[in-house]
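With these hints in hand, go ahead and build the complete structure from the sequences.
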Amino acid sequence: MSDDHVYMTLAEGHEDDTRWAYGTGFEDPLHGVDTTVPEGVDAGELADVCVALADDALVSAQRLAEWTTRAPELEEEVALANIGLDLLGQARLLYSRAGQVDGTGRGEDAYAYFRDADDFRNVRLAELPNGDFAFSTVRLLVLSSWRLAQFAHLVAHPDPVLSAIAAKGVKELTYHRQYAAEWVVRLGDGTAESHRRTRKALEQVAAYFGELFTAYDVRDEVAAVLCQVTGAAGLPMPVYRPLPGAGRAGDHTEHLAPLLAELQSVARAHPEATW
Amino acid sequence: MRFGAQEFFRGPGQPFTITFGHRVLLPRENHVTLEPNEWSVGKLVSMATTHSAEAPDRDGLQEHFDATIARDQRIEPRDWMPDGYRKTLIRQIAQHAHSEIIGMQPEGEWITKAPSLRRKAILFAKVQDEAGHGLYLYSAAETLGADRADLTTRLIEGRQKYSSIFNYPTLSFADVGVIGWFVDGAAICNQVPLCRSSYGPYARAMVRICKEESFHQRQGYELLLTMMRGTDAQRAMVQDAVDRWWWPSLMMFGPPDDASPNSAQSMAWKIKRHSNDELRQRFVDMTVPQADKLGVRLPDPELRWNEARGRHDFGTPDWDELKRVITGNGPCNDRRMERRRTAHEEGAWVREAATAHAAKQAARAKDGAAA
Numbered sequence: 001m002s003d004d005h006v007y008m009t010l011a012e013g014h015e016d017d018t019r020w021a022y023g024t025g026f027e028d029p030l031h032g033v034d035t036t037v038p039e040g041v042d043a044g045e046l047a048d049v050c051v052a053l054a055d056d057a058l059v060s061a062q063r064l065a066e067w068t069t070r071a072p073e074l075e076e077e078v079a080l081a082n083i084g085l086d087l088l089g090q091a092r093l094l095y096s097r098a099g100q101v102d103g104t105g106r107g108e109d110a111y112a113y114f115r116d117a118d119d120f121r122n123v124r125l126a127e128l129p130n131g132d133f134a135f136s137t138v139r140l141l142v143l144s145s146w147r148l149a150q151f152a153h154l155v156a157h158p159d160p161v162l163s164a165i166a167a168k169g170v171k172e173l174t175y176h177r178q179y180a181a182e183w184v185v186r187l188g189d190g191t192a193e194s195h196r197r198t199r200k201a202l203e204q205v206a207a208y209f210g211e212l213f214t215a216y217d218v219r220d221e222v223a224a225v226l227c228q229v230t231g232a233a234g235l236p237m238p239v240y241r242p243l244p245g246a247g248r249a250g251d252h253t254e255h256l257a258p259l260l261a262e263l264q265s266v267a268r269a270h271p272e273a274t275w
Numbered sequence: 276m277r278f279g280a281q282e283f284f285r286g287p288g289q290p291f292t293i294t295f296g297h298r299v300l301l302p303r304e305n306h307v308t309l310e311p312n313e314w315s316v317g318k319l320v321s322m323a324t325t326h327s328a329e330a331p332d333r334d335g336l337q338e339h340f341d342a343t344i345a346r347d348q349r350i351e352p353r354d355w356m357p358d359g360y361r362k363t364l365i366r367q368i369a370q371h372a373h374s375e376i377i378g379m380q381p382e383g384e385w386i387t388k389a390p391s392l393r394r395k396a397i398l399f400a401k402v403q404d405e406a407g408h409g410l411y412l413y414s415a416a417e418t419l420g421a422d423r424a425d426l427t428t429r430l431i432e433g434r435q436k437y438s439s440i441f442n443y444p445t446l447s448f449a450d451v452g453v454i455g456w457f458v459d460g461a462a463i464c465n466q467v468p469l470c471r472s473s474y475g476p477y478a479r480a481m482v483r484i485c486k487e488e489s490f491h492q493r494q495g496y497e498l499l500l501t502m503m504r505g506t507d508a509q510r511a512m513v514q515d516a517v518d519r520w521w522w523p524s525l526m527m528f529g530p531p532d533d534a535s536p537n538s539a540q541s542m543a544w545k546i547k548r549h550s551n552d553e554l555r556q557r558f559v560d561m562t563v564p565q566a567d568k569l570g571v572r573l574p575d576p577e578l579r580w581n582e583a584r585g586r587h588d589f590g591t592p593d594w595d596e597l598k599r600v601i602t603g604n605g606p607c608n609d610r611r612m613e614r615r616r617t618a619h620e621e622g623a624w625v626r627e628a629a630t631a632h633a634a635k636q637a638a639r640a641k642d643g644a645a646a
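As they're listed, the protein sequences go chains A and W. Numbering (our numbering) for the first sequence: 1 to 275. Numbering (our numbering) for the second sequence: 276 to 646.
What the hints contain is simulated information worked out from the structure, not anything from laboratory work. Even glycine gets a Cβ: it sits at the ideal position worked out from N, Cα and C. Please note that the accuracy of each hint is not assured.
Where chain A lies over chain W, by a calculated footprint (3+ residues, C-beta under 8 Å) [claimed, not checked]:
1) 598 to 606
2) 620 to 631
Only pairs whose alpha carbons sit at most 35 Å apart, straight line, appear in this in silico DSBU-like list of lysine-lysine [to be verified]:
3) W:K486 <-> W:K388
4) W:K436 <-> W:K388
5) W:K635 <-> A:K171
6) W:K362 <-> W:K641
7) W:K598 <-> W:K635
8) W:K436 <-> W:K486
9) W:K486 <-> W:K641
10) W:K388 <-> A:K171
11) A:K200 <-> A:K171
12) W:K362 <-> W:K436
13) W:K635 <-> A:K200
14) W:K568 <-> W:K598
15) A:K200 <-> W:K388
16) W:K598 <-> W:K362
17) A:K168 <-> W:K388
18) W:K486 <-> A:K171
19) A:K168 <-> A:K200
20) W:K545 <-> W:K436
21) W:K598 <-> W:K486
22) W:K486 <-> W:K545
23) W:K598 <-> W:K388
24) W:K436 <-> W:K641
25) W:K486 <-> A:K168
26) A:K200 <-> W:K362
Shown next as structure tokens:
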């Protein structure tokens, strides 16, 4: 019997790079897609929408990555990484689309690694530190419900690329919301301690609701989801409060700059390098 | 999300068919199946010391087991097996599972710092795969009567080991590539023969794990190829990482054969298929041409091709260092254990909440049915 395997073939010469996943030097996730901006679509506005949604996703993915090796159970390790990877994938597609239409021709990494906190357009709820599992889960419920509602509308966007990204994202976000909702119900209903922590998390998250309902009118849809989940979890619906400033305008908490410093550290230390 | 161990690792002991498209595949080996009885199903560990006395035809069972091993066929969860075989497997599979979980840490530290979004996605997915491997392996151990929570407790109390390699620090992003190339490569050398291990659930888990490890290993090597085409600083990072990881990687195969007390029995049981030294030699022979292709130097002055043997000669790893690391005195042992312990303890209230909710749901369903 043979124990032969691909390890032995690593150093074999090949004409091209097709044996590597996606090839090497892979830079354009939208390669091969018709990227013309349709008539009647404002390229600047389209780019702004893409960057804002990409920033939400990248910052959320970074926070989810921080859970790695810290989750309460192995199933949660797998699930949180899954959600983080989905959001990272959405960010990459959206940055690429933004770079095509904003006239700069920038690639995804230019947006992620070479902009400062002031240039990021994510909502502040995404950048808050993870807190405990209750906070992360409640935040995920709110952000995934909100993002899913937006993406469901964006499927009808006149730009076919954004529409396709949204259609793919809807399937992913439906799972994210389901996962978060199940945990909020478990935690709200579980023990006195889990109930207390989840209730507190809801109040903390509610303080950042204010800026979520601007771009698309999805407030009622999101409120309906939260109402259903908190009802099943035996938790009170939190009270909305106005929040001065806007992440979409570049206003951020003190937590974004350190998050970006870590995310960008290696890339900025070696600006000439290829990865 | 939780896998049911029995469901996931269903063996020929329970009649089943697998359909691929229109073809119906039957179990390849027509096992003689023992009737389920008190010593062949359920939680076996606690009974393991008493069942031999109760078994009416102990000799017949042992004979059947020996014959199955001799025919290179698989032992399945419901088959009778000697206590030592069961204990050895639980120890080995648990140690393997722990290694996957602790092994998430050294590379996991770089997910948040990966220097491109593509590398971030690759690394994130790789570390996630390792959590998945841990899950399969704990499930395989559960088919032997072990319990995941109990195994986790043994790990964080230091009563069970994990691979010594994960007690070394990751100092630069090149380490991510070198871990893929060396550590996943060495793991593949160790694990591909385990796809033929005599215990069915372990062997089948290894098939999938090896496929994913191969993918990781190629990703690691591809990262290094890219870095070697980059700047001088990047090439220096790669060489530095190679220098640090080479000897610890050779130690992954365990002590030399003459100092490996459990190996002979494991080989006889066909749990293990090749000796530590043989696997180490294979790894060296495979890696040398890959290092040449990459353009890095392996840090061993004694490394040279031996025409007469048709294999490479190489230096002796520092076995005292391996002993130090295995006994808890490596560079990162405390940090790795501390992280795992903290995650487990801080997650306790979450697991308790999930259990409490499930109990309440069950009670509510019962009340609903009664009403």
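To see whether the hints hold, each was checked on the structure:
1. With 0 residues having a Cβ less than 8 Å from any Cβ of chain A, the stretch 598 to 606 of chain W misses the three-residue criterion, and the hint is violated.
2. Closer than 8 Å: that is the beta-carbon criterion, and the stretch 620 to 631 of chain W has 11 residues meeting it against chain A, so the requirement of 3 holds.
3. With a CA separation close to 27 Å, the supplied pair W:K486 and W:K388 stays within the 35 Å bound.
4. At roughly 29 Å between alpha-carbon atoms, W:K436 and W:K388 fall within 35 Å of each other, so this suggested pair holds.
5. This hinted pair checks out: W:K635 and A:K171 have alpha carbons roughly 31 Å apart, not beyond 35 Å.
6. With a CA separation close to 40 Å, the supplied pair W:K362 and W:K641 exceeds the 35 Å bound.
7. In summary, the hint linking W:K598 to W:K635 is not supported, as the alpha carbons are separated by about 49 Å, beyond the 35 Å threshold.
8. At most 35 Å may separate the alpha-carbon atoms for a hinted pair to count; W:K436 and W:K486 meet this at roughly 25 Å.
9. A hinted pair counts as satisfied when its Cα atoms are at most 35 Å apart, and W:K486 with W:K641 does not qualify at roughly 45 Å.
10. Restraint check for W:K388 and A:K171: the C-alpha separation of about 28 Å stays at or below 35 Å, so the hint holds.
11. For a cut-off of 35 Å, the pair hint linking A:K200 to A:K171 stands: about 30 Å separates their Cα positions.
12. A threshold of 35 Å between alpha carbons decides the hint, and for W:K362 with W:K436 the separation of about 15 Å falls inside it, so the pair holds.
13. Annotation: proposed proximity of W:K635 to A:K200 holds, straight-line Cα distance about 22 Å (limit 35 Å).
14. Proposed proximity of W:K568 and W:K598 is supported: the alpha carbons are some 33 Å apart, at most 35 Å.
15. Between A:K200 and W:K388, the direct Cα distance comes to roughly 31 Å. Compliance with the 35 Å bound is thereby established for this hinted pair.
16. Under the criterion of a C-alpha separation no larger than 35 Å, the hint pairing W:K598 with W:K362 is consistent with the structure, at around 23 Å.
17. Restraint check: the Cα-Cα separation between A:K168 and W:K388 comes to about 27 Å, which is no more than 35 Å; the hinted pair holds.
18. Taking the CA atoms of W:K486 and A:K171, the gap is near 27 Å; set against the 35 Å cutoff, the hint holds.
19. A hinted pair counts as satisfied when its Cα atoms are at most 35 Å apart, and A:K168 with A:K200 qualifies at roughly 33 Å.
20. Between W:K545 and W:K436, the direct Cα distance comes to roughly 22 Å. Compliance with the 35 Å bound is thereby established for this hinted pair.
21. Taken as a hint, the W:K598 and W:K486 pair is honoured in the structure, with Cα atoms around 31 Å apart against an allowance of 35 Å.
22. Straight-line distance between C-alpha atoms of W:K486 and W:K545 comes to about 21 Å, which keeps the hinted pair within the 35 Å bound.
23. For a cut-off of 35 Å, the pair hint linking W:K598 to W:K388 stands: about 33 Å separates their Cα positions.
24. Of the supplied pair hints, the one linking W:K436 and W:K641 is violated, its CA atoms being roughly 43 Å apart against a limit of 35 Å.
25. Note on W:K486 and A:K168: the hinted pairing holds, with a Cα-Cα distance of about 27 Å set against a maximum of 35 Å.
26. Restraint check for A:K200 and W:K362: the C-alpha separation of about 46 Å exceeds 35 Å, so the hint is violated.
Hint violations for this structure: numbers 1, 6, 7, 9, 24, 26, all remaining hints satisfied.
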